[in-house]
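Start from the sequences, fold in the hints, and give me the full structure.
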Amino acid sequence: KENFPSTHICNTPEEAVILVRGFKRKGEGVLIEELSVHVGRRASMTKQNRLFNMFLDICRMKQAVIVGNCPHISFVDKHYSMMAQSWVNVKQVDFKKGIVLAKAYWLQTSPFKSDPYTHKYINEDGDEIDLCYMRKPSDEICKVYEGIKGTANDSVLDDVVLTLQKDRQEKLKQIGHKFLPPREKEAYELYLEGCTSKEGGKEMGITPSSYNKTLCRSKDKLKSQDYRRELQSLNEKKTKERRQT
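Under the working numbering, the letters of the sequence shown match residues -9 to 235, in that order.
Calculated directly from the structure, the hints in this document are not laboratory data.
Glycine included, every Cβ here is placed at the ideal spot set by N, Cα and C.
All clues stand as given, with none of them false.
Taking lysine-lysine and the DSSO-like style, the derived pairs with C-alpha atoms no more than 27 Å apart in a straight line are: (1) K93 to K110; (2) K211 to K192; (3) K192 to K175; (4) K103 to K68; (5) K87 to K110; (6) K203 to K192; (7) K126 to K16; (8) K126 to K81; (9) K86 to K133; (10) K110 to K16; (11) K227 to K68; (12) K168 to K203; (13) K133 to K81; (14) K16 to K68; (15) K37 to K68; (16) K175 to K211; (17) K211 to K188; (18) K126 to K110; (19) K93 to K103; (20) K86 to K126.
Derived Cβ-Cβ restraints for the label pairs, each shown as a range: (21) K126 to R50: 27 to 37 Å; (22) E193 to N(-7): 54 to 64 Å; (23) R32 to L121: 28 to 38 Å; (24) H167 to R40: 27 to 37 Å; (25) I8 to K86: 34 to 44 Å; (26) D216 to M73: 39 to 49 Å; (27) G12 to M73: 16 to 26 Å; (28) E4 to M73: 17 to 27 Å; (29) D120 to K86: 18 to 28 Å; (30) E4 to Q53: 20 to 30 Å.
Structure (structure tokens):
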């Protein structure tokens, strides 16, 4: 019997790749937190998902085990769900008994179906297993898990903020000049960079009060239907370009 190493709990696919690269034995495994966040199904054609799918194929050849959690298996990239062998669908947590009740399925892939078939496991008597339970992991693993979960959540939120901020900056750069005078555009760009009223005013050589007024005018103009239509057109163009690549 060998306990699961707490060092094999990963916050990101990058951490999992580094660990698996060093595996020497068949059957060694990693646990990747929140797979639907890192390799969601709707992001199937992104660079990150394509690289992760390459990683999955290497794991298959090395016979490395990947355990991942997510709200539902349909939220994860299909490459993962079609290669998975088991799906444990958690139904209830019994805190009094310290167990998790779940339904466990083994997955069967079909070349004619885009989602795997689910089958119940069979016990030694040949009967289907309707419900299974799992006990709480060791205190060591729980301590490590709770420690990294907070930092992982903060890291994901930081990535979301930076991505949204960068996206808005790029779109403003492309079409903002059609709707905003140079000074209002500058004020809004400083706002997207996270500048305070004092910092924005200093950068533009005006008082914080004047900066706020300029910023308010730019925000009002960017709420117009014309800007929204232009933004929608730009989004559709970018989506089309991504599909072509």
